[in-house]
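2 protein chains.
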Amino acid sequence: MQNILDDITVLDFSRVFAGPAATQVLGDMGANVIKIEPPAGDEARYYGVTKEKLAELGGVSPSFLALNRNKRSLTLDLRNEKGNRIARELADRADVVVHNFRPGVMERLGLGFDTLSQSNERLVYAEFSAYGRKGPLAHIGANDLALQAHSGLISITGEPDRPPVRCGTAIVDLHGSLALVAGILGALLHRHTTGRGQRVESSLLLSSAHLMSYFYTEYWMDGTVRKPMGTANHLSVPNQAFPARDGEVVIIASTDEMWKKFAHAIDADTLDLPKFARVFDRRQNRVELIAAVSALTTQMTCAEIIDRLGEAKVVVAKVNSVGEAADSEQLEAVDGKIMLQAGAHEFPSVASPFQFSEVDINAAKSPPSLGANTHDILHELGYDSATINSLSNAGAFGRLPEAAE
Amino acid sequence: MQNILDDITVLDFSRVFAGPAATQVLGDMGANVIKIEPPAGDEARYYGVTKEKLAELGGVSPSFLALNRNKRSLTLDLRNEKGNRIARELADRADVVVHNFRPGVMERLGLGFDTLSQSNERLVYAEFSAYGRKGPLAHIGANDLALQAHSGLISITGEPDRPPVRCGTAIVDLHGSLALVAGILGALLHRHTTGRGQRVESSLLLSSAHLMSYFYTEYWMDGTVRKPMGTANHLSVPNQAFPARDGEVVIIASTDEMWKKFAHAIDADTLDLPKFARVFDRRQNRVELIAAVSALTTQMTCAEIIDRLGEAKVVVAKVNSVGEAADSEQLEAVDGKIMLQAGAHEFPSVASPFQFSEVDINAAKSPPSLGANTHDILHELGYDSATINSLSNAGAFGRLPEAAE
Chain A
1 MQNILDDITV
11 LDFSRVFAGP
21 AATQVLGDMG
31 ANVIKIEPPA
41 GDEARYYGVT
51 KEKLAELGGV
61 SPSFLALNRN
71 KRSLTLDLRN
81 EKGNRIAREL
91 ADRADVVVHN
101 FRPGVMERLG
111 LGFDTLSQSN
121 ERLVYAEFSA
131 YGRKGPLAHI
141 GANDLALQAH
151 SGLISITGEP
161 DRPPVRCGTA
171 IVDLHGSLAL
181 VAGILGALLH
191 RHTTGRGQRV
201 ESSLLLSSAH
211 LMSYFYTEYW
221 MDGTVRKPMG
231 TANHLSVPNQ
241 AFPARDGEVV
251 IIASTDEMWK
261 KFAHAIDADT
271 LDLPKFARVF
281 DRRQNRVELI
291 AAVSALTTQM
301 TCAEIIDRLG
311 EAKVVVAKVN
321 SVGEAADSEQ
331 LEAVDGKIML
341 QAGAHEFPSV
351 ASPFQFSEVD
361 INAAKSPPSL
371 GANTHDILHE
381 LGYDSATINS
391 LSNAGAFGRL
401 PEAAE
Chain B
1 MQNILDDITV
11 LDFSRVFAGP
21 AATQVLGDMG
31 ANVIKIEPPA
41 GDEARYYGVT
51 KEKLAELGGV
61 SPSFLALNRN
71 KRSLTLDLRN
81 EKGNRIAREL
91 ADRADVVVHN
101 FRPGVMERLG
111 LGFDTLSQSN
121 ERLVYAEFSA
131 YGRKGPLAHI
141 GANDLALQAH
151 SGLISITGEP
161 DRPPVRCGTA
171 IVDLHGSLAL
181 VAGILGALLH
191 RHTTGRGQRV
201 ESSLLLSSAH
211 LMSYFYTEYW
221 MDGTVRKPMG
231 TANHLSVPNQ
241 AFPARDGEVV
251 IIASTDEMWK
261 KFAHAIDADT
271 LDLPKFARVF
281 DRRQNRVELI
291 AAVSALTTQM
301 TCAEIIDRLG
311 EAKVVVAKVN
321 SVGEAADSEQ
331 LEAVDGKIML
341 QAGAHEFPSV
351 ASPFQFSEVD
361 INAAKSPPSL
371 GANTHDILHE
381 LGYDSATINS
391 LSNAGAFGRL
401 PEAAE
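Going line by line, the protein sequences match chains A and B. Position 225 (the first sequence) corresponds to 225 in my numbering; numbering is contiguous. Position 20 (the second sequence) corresponds to 20 in my numbering; numbering is contiguous.
Quick caveat, the hints were computed from the structure, so don't treat them as lab data. As the structure is a prediction and not an experimental result, all values here were calculated from the model.
Which copy? The list can't say, so a pair holds if one copy fits it or any two copies do.
Simulated crosslink set (BS3-like; lysine-lysine; CA at most 30 Å straight-line): (1) K51 to K275; (2) K275 to K261; (3) K275 to K313; (4) K275 to K53; (5) K53 to K260; (6) K337 to K365; (7) K51 to K313; (8) K134 to K337; (9) K365 to K51; (10) K275 to K227; (11) K260 to K51; (12) K53 to K261; (13) K260 to K275; (14) K51 to K337; (15) K313 to K261; (16) K134 to K313; (17) K337 to K313; (18) K365 to K53; (19) K51 to K227; (20) K261 to K51.
Starting from the given sequences, assemble the full structure and let the hints guide the process.
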């Protein structure tokens with residue numbers, strides 16, 4: 001079965017999170033993704049692990065393994081004239097270029113949109129930046145945490161009247177990765193009509209604003225500035241986490257009908273009372289209601305609560321640990337796990353978050369070791385082994401890590 | 001300038017968040033989005049506001065305004081034979097169908113993938129579900145909070161040794177919306193090659209797993225189960241929020257070089273010391289370092305810290321409130337705001353998180369009132385006014401809310 005991007009070559013200059021996460025999705029869709037790495041490699045290769053741990057894990061960090069399947073690696077020193085020329089040659093044959101350098105860097109390397117699109121008018125040129133290419137913050141560096149702060153996301157996350165916290169995962173980066181994927185696919189579609197590529201942009205700023213969109217709209221409409229509410233939210237009661245004997249569960253019973261079902265599934269005598277009957281009553285008597293529900297759930301196990309509420313069709317879910325979530329039978333049942341090789345070990349990684357009936361990606365390629373495909377990719381460009389060696393001696397690929405040790 | 005999806009018709013049966021957020025992006029890209037609403041309307045129209053407030057805001061809630069521009073609204077009673085037939089006729093002419101009903105509902109309505117694709121083989125059929133169409137949880141209801149819990153995201157969000165919290169915004173829904181967009185665009189690309197549509201699936205489960213991917217991979221690789229760390233993370237120190245005189249700032253100085261720059265920008269005497277010099281030292285002496293930095297930042301204003309660190313090229317950002325973030329000059333500078341009409345008022349909404357050099361969406365259509373385009377859309381299907389009236393009398397569009405009052 002032909003995969004969707006089988007005839008698309010992606011030249012990926014991006015590093016660490018959002019860019020690599022995006023090109024992994026394109027690779028899952030069949031694209032020929034060439035990961036251009038600096039001689040020292042994408043920093044994510046070594047992220048959050050010690051050298052000893054890294055050796056144990058087969059040479060790749062968890063975050064690198066999670067975001068770099070279905071790619072080949074080529075090291076290039078873009079400041080070396082010959083290395084830079086190879087990048088130009090690859091870009092001339094590519095369908096998509098992706099990068100996340102600060103504004104101006106690719107231009108200074110002779111790899112800007114205007115230059116590359118002159119010789120390859122079909123090129124889709126995708127840029128992922130911190131705050132965008134214009135405006136007062138265009139030249140400020142940032143990362144996921146910076147945009148969680150800037151966007152106001154931190155200000156609505158946490159316990160009431162306590163210091164706010166970050167969302168535990170890099171959601172701005174990962175959301176941005178899908179924004180980039182959607183933009184690239186949109187531009188490829190447009191190319192079918194026009195025959196021409198174009199520049200596609202996304203940023204941590206746009207990605208974080210999209211995540212906060214309905215909060216901003218509310219503020220713009222009536223000035224409301226929301227604050228942290230723990231696991232609860234302002235829309236309805238109950239709609240939050242409750243303690244069980246062996247953990248916590250979230251329970252959502254927003255409508256009056258749902259509340260009645262919930263009350264009868266747990267304890268009608270204590271809960272199915274006029275003071276809690278209607279949406280307005282439950283908001284009004286929120287503190288009392290939360291206390292009453294908590295007193296009941298504390299005596300039950302998570303499994304018991306989930307069974308009872310599942311049967312009553314009330315929305316309920318266990319507050320899982322990372323391990324419980326990763327091991328969830330459901331994730332496996334919907335093909336959410338993809339097995340990858342890392343050295344002598346085999347580890348799962350998480351599938352792209354959408355699936356097609358006509359194509360699949362079960363035969364995923366494991367993340368490449370640094371520069372692993374340099375020779376193959378140069379051969380495909382038409383270079384013979386002797387020339388590749390002389391390019392290597394001239395520093396086109398940088399000092400390879402073997403030599404640097 | 002032609003927009004990317006100008007020739008694409010999207011029939012959108014979805015409600016509330018993820019689906020509508022996805023079709024808004026498609027509408028921004030030029031698609032003709034027909035929002036099929038039940039006679040009572042998408043619940044999001046009334047979300048989180050009182051009836052009085054709603055009237056004041058021009059009849060749309062903030063979350064509806066945020067996620068429903070560039071669409072037209074048609075009310076249909078899908079259980080009414082004539083209403084159902086109209087849906088079938090529309091699907092026969094559509095390029096994309098989107099829905100988020102529980103598994104089996106569309107099939108029972110005669111609007112399942114197998115049925116619709118028989119008469120329209122070019123149809124892209126996009127389904128967004130809670131936990132997917134198979135597996136033990138396929139028939140369990142869920143929402144954003146439920147998947148924040150199930151995925152383990154809540155378990156890594158919050159202060160250390162305090163109850164964990166939710167991420168303040170509906171990130172699973174919104175991330176899922178982009179997953180759906182990417183899947184739909186992928187299937188449209190594939191149709192260029194094959195001439196045929198296909199089924200595309202995403203879910204809250206796949207979306208949340210993608211957001212947690214590198215945590216799951218770490219767990220799968222070495223059993224690590226991460227816990228909440230406030231605004232900090234496990235990768236490096238300092239990499240978190242610090243108090244200022246008039247608010248909080250996040251500061252990220254992960255590498256030794258960056259730490260040195262940071263120390264000199266703030267107070268070299270107190271910070272540029274051997275005990276903090278190297279990554280390992282800073283992790284080891286974390287508590288002491290955080291206290292030392294906090295003691296200094298508390299005496300400065302946010303603006304002063306940002307100025308100093310910005311100049312030193314250290315990543316820094318203010319912990320903005322929702323209002324400060326929404327009003328950010330930068331968001332406006334990168335065209336992140338789109339003006340919309342709501343009744344007599346004009347309010348901004350947040351742009352789609354990617355942009356193209358060859359097309360733009362400045363002329364956005366405001367969200368439609370319920371059923372506003374029923375007649376137009378039926379006319380386009382070839383019905384004359386007399387027939388539309390008789391369909392209305394037969395209940396095809398349900399009892400319209402005017403009649404129900």
